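Protein chains: 2
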Amino acid sequence: MLDGFFNAKNVAVVGVSRDINKVGHVIFQNFVESDFKGNVFAVNPNVEFVLGYKTYDRVSDIDEDVDLVIIAIPSKFVLDVIKDCGKKKVKNVVIISSGFSEVGNDKLEKELKRLLDKYGIKCIGPNTLGVFDAYGGVDCVFMPKTRVKRPRKGGISFVSQSGAVGGAILDLMSERGYGFSKFIGYGNGVNLEISDFLEYLKDDDSTRVICFYLEGVKNGERFFEVLKEVTKVKPVIGIKAGVTVEGGKAALSHTGNLAGDDRIYDGIFKQCGVIRAENVEELFDFVKVFDNYTYVKGRKIQIITNGGGYGIIGVDNVIKNDLELAKMNSENKKFLKNEFGGIIVGNPIDLLGDADNNKYKLAIEKSLGDENIDIVLIVLLTQLPLINTDIVDMVADLKNENKPIIVVSTGGGFTDVLVRNLEKKGVPVYLFPENAVKSIKALCDYYLK
Amino acid sequence: MLDGFFNAKNVAVVGVSRDINKVGHVIFQNFVESDFKGNVFAVNPNVEFVLGYKTYDRVSDIDEDVDLVIIAIPSKFVLDVIKDCGKKKVKNVVIISSGFSEVGNDKLEKELKRLLDKYGIKCIGPNTLGVFDAYGGVDCVFMPKTRVKRPRKGGISFVSQSGAVGGAILDLMSERGYGFSKFIGYGNGVNLEISDFLEYLKDDDSTRVICFYLEGVKNGERFFEVLKEVTKVKPVIGIKAGVTVEGGKAALSHTGNLAGDDRIYDGIFKQCGVIRAENVEELFDFVKVFDNYTYVKGRKIQIITNGGGYGIIGVDNVIKNDLELAKMNSENKKFLKNEFGGIIVGNPIDLLGDADNNKYKLAIEKSLGDENIDIVLIVLLTQLPLINTDIVDMVADLKNENKPIIVVSTGGGFTDVLVRNLEKKGVPVYLFPENAVKSIKALCDYYLK
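Listed in order, the protein sequences are those of chains A and B. Its first residue numbered 1073, the first sequence is counted upward by one per residue in my numbering. Its first residue numbered 1073, the second sequence is counted upward by one per residue in my numbering.
Hints listed in this document are in silico derivations from the structure and should not be mistaken for laboratory results. Just so you know, not all the hints are guaranteed correct.
The list treats identical chains as one, so a pair stands whether inside a single copy or across any two.
[What the hints assert, rightly or not] No more than 30 Å apart at the CA atoms, straight line, and that leaves these computed lysine-lysine pairs for DSBU-like: (1) 1392 - 1342; (2) 1126 - 1148; (3) 1185 - 1471; (4) 1217 - 1496; (5) 1321 - 1497; (6) 1225 - 1406; (7) 1497 - 1109; (8) 1161 - 1217; (9) 1433 - 1185; (10) 1306 - 1163; (11) 1190 - 1369; (12) 1225 - 1369; (13) 1433 - 1321; (14) 1321 - 1392; (15) 1321 - 1405; (16) 1217 - 1497; (17) 1190 - 1497.
Treat the numbers as computed from the prediction; the structure is a model and nothing was measured.
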């Protein structure tokens, strides 16, 4: 039902100024410069051309049918544009403009809703970033690419009630190489809210994992019903802001939504099997493991390390997170002991400071082939001199559709290169062991429930 | 009493191979290429020259007095070198070599200890990274600079029981621009352990904040006594591994130390006012705020944001961490309301998506001058178009010896540039609001106890 937003053929941007810093201009320019396959029209009654494109006085002046209209003008002019869209039989609009219920202008927002209902127009916004689709090419994020990097194609879809925070997270995820399907910022949510987007993404083939940033919902019952269904099909990771009374008050003046009692949301998330991120960082951590692995068979983790300290921290966190330390079978143990000489083959297997790629290979292979092991957690400290860059291909080649491999690596320049390449090949890497184990826990909780 | 390690004039490295990948070679090369003001001698009976330097067969062959000997040869040859050091009246050695109690070779370690005691030699190690001093130039970290970046001069000193983990953390902290005084990896701690280093760093002028990674101590009573004194003088941030029974077992086979019951350590930390980092990331977060601020007058925080969502998350975390939301005085409120028009001046002050540098400046200045505000938490989402790079100098210029300013900024390329420059000017920046508020909490807990 939201295909009109993502698969629009003809898009009009209302409010395309010649000033390159203005929101409308940035959006129009992003369309012109992107992979978008359809046509884009600039609407502005005050100029004749923008970026070499002829402009239209109003949407209804465009000869062709228009699937999607993006509105980036002061709030007081928005209603007139909606009426014009109604006349033109436009069915989908994104309203970027702020100045509605979030600043106490409830009257204007009510009137907007009435008009949208009258014409049967679906609306994302107002007071939002709108939509970015890595596959279809629709991009109404009003920040230039020098400020917000756009992500590569991938399996993550992100629904955000907050615009600026959504943009910042999108930017950092892009920078870190996360692959996206769709980003949706819906702001005040005048007639489409989180449940509508979740329902749509449930059936979206290119979306493997859904995450959301939420302050509050308008229709709690529907949210509950939709969530229950979506989590049966794919994992949903949610972060909820406004969990304290004071935070709730701040939320009310942000997107005009009641944050509500956090216990209610917590109950909904638990009953529906939503993976709750307690903070923004967990959102980053969890989404990475779910984008790379859609399976896990059990909770028994084997840790392989070249840094004893991280091995211990790994063990501590496996226990703290109610996961299990795997017990490698005696045959594999014996084999590795023989190969490794003095090394204690337990859990962790500490390959010590002089570990090389080959020792890792043997330990990982035996772990993957061991019936007592479900997940392999590799601590790879690349500061140690015998580790070389070939380890990227070695680890990536061992990835299979059976047992997740998760890597931990802490460090600067050289580490970064290895980490980026490992992640490009589909192996998630975490900066610290605690983050890795918490993410494994989330994966297990979802797939082994 | 440890000056011989950090202010050594004549240093000998034992085990300087011509093979550029060997530990001894890397250490010797690091000395030759560093700012080290003293003399460095290579010891290796099998070659005549290394890197153009004449080598010596043994330490006692060096004509001059030797203050510090760094030993990087197989463990079975170490005792002979110690005897030779005794003969030469060397008083300080670092033993990089592993192969002692951590692999069950308790006998060798006992004999080592006996010899060290006999000759009155202080020893860092064995099984460790040794020492890096950003001021004096001593550097026996055996990883080349292409693998472990060396930090700029600054106020952080870090004591690590684990070598590889210590190296990895040193690398990432250097990459992120943290400023160091001293790094000490002490491994098995045969006759110097954490208490000795803490005591030394207490009186080290260039150390502003001490952090440590610990698995277990040998002399718990002394640890308690020393910690009590050190925390009176400067903040100490500690991370303890081996907090679970299983983690404790792993620790025993790592550095040969009993991890002990975590409740005992927790009790010691609490009684001594140690700031306990629950995970490695908290160590990174906390050390940053303590290196930049040595003062805070109260717990009342004013949040200023251009992203509503992060404002709410900030409020949630202020409450969760038992800090206080400041209430700006009515005069300042009135002034800002007048200046800002429609913006709600509360806590947070949400400057909205069209916030520019000047709006931030006004809000920060009024907050710093307000008697009801102790700390200013600035959320700065640099994706929003009206923020420009001048904001770095503006914020840094407002830094004063009165009220800490903490910044939160999430994003990619453009954000990175701003963040790096803000941090260079002494303003700590956090990726997410949760990390910032937790660090403020740590700062308050230490200075307002």
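Now for the hints, and whether the structure bears them out:
1. With identical chains, the CA atoms of residue 1392 and residue 1342 are at most 30 Å apart both within one copy (20 Å) and between copies (21 Å).
2. For the homomeric pair residue 1126 and residue 1148, the shortest alpha-carbon distance inside one copy (25 Å) is at most 30 Å, but the shortest distance between copies (83 Å) is not.
3. With identical chains, the CA atoms of residue 1185 and residue 1471 are never at most 30 Å apart, being 50 Å at best within one copy and 46 Å at best between copies.
4. Taking the shortest alpha-carbon separations for residue 1217 and residue 1496, both the intra-copy value of 22 Å and the inter-copy value of 26 Å come in at or below 30 Å.
5. Taking CA atoms no more than 30 Å apart as the test, residue 1321 paired with residue 1497 passes in neither setting, with 44 Å inside one copy and 35 Å between copies.
6. In the homo-oligomer, the alpha carbons of residue 1225 and residue 1406 never lie at most 30 Å apart, since the shortest distance is 44 Å inside one protomer and 48 Å across protomers.
7. Taking the shortest alpha-carbon separations for residue 1497 and residue 1109, only the intra-copy value of 29 Å comes in at or below 30 Å, while the best inter-copy value is 46 Å.
8. In this homomeric assembly, residue 1161 and residue 1217 never come within 30 Å of each other (Cα to Cα): the closest approach is 32 Å inside a single copy and 65 Å across copies.
9. With identical chains, the CA atoms of residue 1433 and residue 1185 are never at most 30 Å apart, being 60 Å at best within one copy and 37 Å at best between copies.
10. When the C-alpha separation of residue 1306 and residue 1163 is checked against a cutoff of 30 Å, the pair qualifies only within one copy, where the shortest distance is 29 Å, while the shortest distance between copies is 64 Å.
11. Taking the closest pair of Cα atoms, residue 1190 and residue 1369 never come within 30 Å of each other, the shortest separation being 51 Å inside a single copy and 57 Å across copies.
12. Taking CA atoms no more than 30 Å apart as the test, residue 1225 paired with residue 1369 passes inside one copy only; the shortest distance there is 28 Å, against 49 Å between copies.
13. For the homomeric pair residue 1433 and residue 1321, the shortest alpha-carbon distance between copies (25 Å) is at most 30 Å, but the shortest distance inside one copy (54 Å) is not.
14. Taking the shortest Cα distances, residue 1321 and residue 1392 sit within 30 Å of each other only across copies (15 Å), while inside one copy they are farther apart (34 Å).
15. For the homomeric pair residue 1321 and residue 1405, the shortest alpha-carbon distance between copies (18 Å) is at most 30 Å, but the shortest distance inside one copy (57 Å) is not.
16. In this assembly of identical chains, residue 1217 and residue 1497 lie within 30 Å of each other by CA distance both inside one copy and across copies; the values are 25 Å within and 27 Å between.
17. Neither within a single protomer nor between protomers do residue 1190 and residue 1497 lie at most 30 Å apart by alpha-carbon distance, with minima of 50 Å and 56 Å respectively.
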